[in-house]
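Colleague: Sequence:
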Amino acid sequence: MVHPYRERNMAELAHKLGFEFHAEDDYGILQQLQDFRLFSGGRKKTIERVMRKQDGLMEFDISIFDYSFQMWGSSAKDNRVHQTVFFLQSAKLGLPELWLQPETIVHKLGELVGFTDIDFVRFPKFSGHYRLTGEDEEYIRHHFTDEVLNYFTMNKGWSMEGLGFYLLFYRKGTLIPSAQIEQFYKRGHEVYRMMADEQAQNKIFGT
Numbered sequence: 001m002v003h004p005y006r007e008r009n010m011a012e013l014a015h016k017l018g019f020e021f022h023a024e025d026d027y028g029i030l031q032q033l034q035d036f037r038l039f040s041g042g043r044k045k046t047i048e049r050v051m052r053k054q055d056g057l058m059e060f061d062i063s064i065f066d067y068s069f070q071m072w073g074s075s076a077k078d079n080r081v082h083q084t085v086f087f088l089q090s091a092k093l094g095l096p097e098l099w100l101q102p103e104t105i106v107h108k109l110g111e112l113v114g115f116t117d118i119d120f121v122r123f124p125k126f127s128g129h130y131r132l133t134g135e136d137e138e139y140i141r142h143h144f145t146d147e148v149l150n151y152f153t154m155n156k157g158w159s160m161e162g163l164g165f166y167l168l169f170y171r172k173g174t175l176i177p178s179a180q181i182e183q184f185y186k187r188g189h190e191v192y193r194m195m196a197d198e199q200a201q202n203k204i205f206g207t
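Quick note: the sequence shown uses our numbering, first residue 1, plus one each step.
I should point out that these hints are in silico values taken from the structure, not numbers from a laboratory.
Since this is a predicted model, take the numbers as computed values, not measurements.
Wrong hints could be hidden among the right ones.
Unchecked claim - The calculated DSS-like cross-link candidates involving lysine-lysine, where the alpha carbons are at most 25 Å apart (straight line), are: (1) K186 / K92; (2) K186 / K172; (3) K53 / K16; (4) K125 / K156; (5) K156 / K186; (6) K156 / K172; (7) K186 / K44; (8) K172 / K45; (9) K53 / K186; (10) K92 / K53; (11) K172 / K125; (12) K186 / K16; (13) K53 / K172.
Whole structure, please, built from the sequences with the hints as guidance.
Modeller: Structural data, given as structure tokens:
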């Protein structure tokens, strides 16, 4: 259940961080991202409480929003899956199509019948915690530097999707408490810094 003061709290945080705030998906983000894995399941999909910051000259567009959907076969109004998403679009990015998600027993069983992911011998803990997939393995390995692998080894449970100029970062099925969204934004900041060159990151985040 969504806290009744969540919208107010997020609007106040947006003002504090210099973001715009919209209670609904006035930007058409759901339509823009419909091909990503996060948005592929369920029905009655909704994006709400959108915090957005953009600058056309610097070519970046950052959004933090709540996404929810109803599971197939479910009719109860409150039986929805909620999660908070960090989305960054920038011409400074050039990502291969990739999907990083926490590895589950289902994934491990899948490997027994031939479904493989991208593992890193030097980082066995990362490979044990996460499932990383994508068609261009060489290009993906190029982006997953030691810094990236160390970060996700130490910070378990996160999901990330990338394609071209788009980067999504979230904890699947988790609505980040409004008091923790600023920290979530900083995490997204850090992930972007690792996936893009430092000079471009500094231009976007003003650091």
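Colleague: Each of the hints needs a verdict: does it hold here or not?
Modeller: Now the hints, each set against the structure:
1. K186 / K92: holds (19 Å)
2. K186 / K172: holds (18 Å)
3. K53 / K16: holds (12 Å)
4. K125 / K156: holds (10 Å)
5. K156 / K186: holds (16 Å)
6. K156 / K172: Holds. K156 to K172 sits at ~12 Å (cutoff 25 Å).
7. K186 / K44: violated (30 Å)
8. K172 / K45: holds (15 Å)
9. K53 / K186: At roughly 14 Å apart (the allowed maximum being 25 Å), K186 and K53 satisfy the hint.
10. K92 / K53: holds (16 Å)
11. K172 / K125: holds (20 Å)
12. K186 / K16: holds (14 Å)
13. K53 / K172: Judged against 25 Å, a Cα distance of about 23 Å means the pair holds.
Comparing the model with each numbered hint stated earlier shows that hint 7 is the single one that does not hold.
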